[in-house]
Amino acid sequence: MDPQFSLLTVLLSIDFEGAEEAVTEALKERVLPILQANATAVKAGSDGSFNVNIIGVSGDSSSSGSSSKDGGKESSASASRDADKALAPRYMIAKKDQDDILTRTDPAQVSVLWILALTAKFGNQSADASEFFALVNRLFDNISGTQAKLVPEHYRALLYIIAAASDAIEMPILSLRPLLNAALSFSPIHDILSPAHPLFLIQALKAKQYKLALQLLKYDVDKFDSAYGLTYHDHLRFHYYGAMVFIGMKQYQKAIEYLAIVLCAPGFPCSMVQIEALKKTVLLQLILYGKHTLKLPRMANDFTSHSYRAFARPYDHFAVAFENGDPTILKLVWNQIKGIFTADGNYGLALHALTAFRKQRIQKLRKTFITVTMEYIESKDVDILENGPSTKEFVLAMIADGDLRAKISQKSSTSPITVIFQDASITSSHLDELEAKLNSVRQLNEKIAAADREVGQSREFLNRKLQSASTPGGFLGRGAGLEDLEGNDDSMSMMEL
Amino acid sequence: MSSETHANTKVVTTLPLFELESYIQNYTGRNAVDRLLFIADRCPALAVDALVLAIASLKHTAEVNRYEDAVDRLHAIAPHDPRATVDAAWVDEVTKATRSTGDKLELELKSYKNNLIKESIRMGNSELGDFYLSIGDLASASKFYSRQREYCTTHKHIEDMSMDMIRVAVYQQNWSQVETAMSRIDALPAKNADIDPYLKAVRGLWALAQGNFAVAASTFLTVPVESLTHAAFAAPKSRQKATYTITEFVTVNDVAVIIGLCSLASYGRNALKDLLDNNANCKEFLQSEAHIRTLLDAFVLFDYKSIFTALENHKADYLLDIWLADHVEKLFDRIRENCYTQYVRGYKRGYLDKMAARFGVGPDQVEKDLIALIESEKVPVRLDLENKYFLFKSADERADVYDHVMTIAQDFEHNGRLLLVNIGVLRGGLEINAKPESSGFELKKKVLM
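Taken in sequence, the protein lines are chains A and B.
Numbering-wise (the UniProt record's numbering), the first sequence opens with residue 1 and increments by one.
Numbering-wise (the UniProt record's numbering), the second sequence opens with residue 1 and increments by one.
A hint or two may mislead.
[What the hints assert, rightly or not] Coverage of chain A stretches by chain B, computed from C-beta distances (three or more under 8 Å per stretch; other residues unrestricted):
(1) 223-232
(2) 259-272
(3) 345-351
(4) 429-442
(5) 447-455
In case anyone wonders, no lab produced these hints; they're calculated from the structure.
For glycine and all other residues, C-beta sits at the position ideal for the given N, C-alpha and C.
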């Protein structure tokens, strides 16, 4: 902290010039206490002449970097652009004060001012990237999540500026550090969705930094608040991109779980993200289980699930052919619809599915045989694309990858090669796994019970109960697991509590 | 049953063990003709004899169409046979007679209808049904029988009508109609105990037609043998003119074969043993078909080779049986499966060459069959193709329980997470919404102001 600078002076001289009165009031109300709280940590300097002018800017012209660059691949991009425009900050720190803040204050203590200053400074013009990222990193390495929540519009805008700036110089990797810090600092146990979450995943996917992305994804997010400028897009995109990261890391089980969250998202109508999620789910289930049984949990919205199924018909055909197990049919279907896979950007995953088909055919043999000749495996092995490795190499690779518990043996160099399948046995590591699983289930159970209690005591729930008691049958399920939870406009009242 | 129902004719080239003339003497009426025409259809070697016998029988009926049809077919395969010419005089005479009877009955029915006498209308319809049945027009017969329904006033009437319909439907192999009629009888508060064996036999045929061999066997086992052997018992006088006997469709020998094959295909060894030792009805049935008794005994005694030899020997007989024909291959497959399963069960480790010798087939065949059976999860063994033996799959219960618990835990976690996320989404106001601008800051602004 610059000893020259007295925060107290800043407080007194903050001037919300030209901003809408209501907004000004709100901002004052929220920001000032923070500054006051931190003032004790500030040494008063001799020269306290320091002014922070907050000026109002019109909604359209201020559209900072956030709206122009939306890295989202999915076709809902245009809708989200509109949404972003609505979220652009309406007031900023005057230019002459920006540098003062950035050079003379500690971002850890007045994160709020930093966010305001950075958005104002870099919102409209392209700046020197190295200077920008140096400042941004300084802020986000030390940012206070509580303060960031006080200026959600600016915070969100800044995050988008970061993403856009890294995209502009085609180095998405630069944005990963600040975005990850932003996401992780948002709440102490990382269970709240922040605007940084989906952005970070997009940038990580662009930079192909899957491992880094897992640092965020190891925390499950289950709290959401539109007050932080979030829309359903953020929630859907976070989980969709999360699934893509898991796919990249070959953690298919987890990917399916994330996609299921997208598929079961409440509301109406269905989103394009959900259609894409369904397509990926079909392929993943084929890879993992060899069959596609889309059994959505009870809380899935029937109506929307019907409508998004209609968009993924070719995938259904592929799944049917896959399950059927006849290679000629599968090949026929593949040739017909591989163009669709390419167009959807699922070609790689579909190729994985074909390999999985080949693997599963060989894996199935272990149910029938203890030992089997390589010749027999060759007679059963089918390489749909006819460009993969030979059966022998393929089996060897499977054994090496742990996809097939078997050993290869040959009595003499001229005798036929045989594959000996080996049985699994329960080891202590299995038991540890089991113990860990039970623990996590227990924790989850407690969480659900807590959520249930919370919902049961919420004003909204009680209001609903009262309403439904007075008008029987006025309660149409909208696909939520807890039907009493459907918030519309009332949901805001809950947030005020 | 009309021969048209067997469009996908499978030709039987080997001669059956039975002698056609004595075989057909066991059957009477429509059933005999049906069987003869069926044999003529399937077995070229017996076609001429069968058609000649059929024509002779048909001349005792009023079924002019089928008569002409049979003669035509005989003419096609034996053009110079003197019996392959239509007896025009007989045809004319019968046609005339039936037409006048038909007209008379229709006229009567019309007058009944004009007079609105319920009972007479019912009788009229019933008689017309009988009439069409006698001239071989099953569709019309069924139509008139079913028209009785709204004029039925007593339970007895409903029972009679349903029995008539069942008979026609069985001839037509129209099982859905059989089902309807059966349920109508079942719904009656009290029914004539005499028709019970008849209904059971029809149920058995129905199960057989659906390929449900276990049910077919167990159903036929509940049919008392006496109902098939003693005409008096088997023919309850349900109505003055009509009687219902199971022998319209099957003889006691047929039932014995059906019971034997179906139980071999679907029962385990202990169940069969129990059947042979303790089921008096079954024993009596088997007395009439010694070879079936031998088959079952062989199964109980693990003598698989002789089972397959005997089955092959009798295959032509089965293929020419009107009820069994379409199921023979499936039955044989099931019997083979059953034998394999039975054999394999006794071993922890068994060698394929020994097994092949036991079954009287080549080792390659055994290997192929076993692979197919394992793949369809019918036998719990695994093969060692290198050393040519099979090993009983030892159930690793711990591994199973572990897998099971992990799956449950995973499902629970999965669903629990979904639930939590959706609660969060709804409370946070992040439902999917057609108007994106109405979420996020817009909402927040409302609160701020």
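Would you say the segment 429-442 of chain A counts as covered by chain B, given the rule of at least 3 residues with C-beta under 8 Å?
holds (count 7)
In terms of beta carbon proximity below 8 Å, does the segment 223-232 of chain A have 3 or more residues touching chain B?
holds (count 9)
For the segment 447-455 of chain A, does the count of residues with a C-beta closer than 8 Å to a C-beta of chain B reach 3?
holds (count 4)
Okay, the segment 259-272 of chain A and chain B, do three or more residues pass the C-beta test at under 8 Å?
holds (count 10)
Per-stretch coverage check for the segment 345-351 of chain A, three Cβ contacts closer than 8 Å to chain B:
violated (count 0)
Hint 3 from the earlier list is the only one contradicted by this structure; the remaining hints agree with it.
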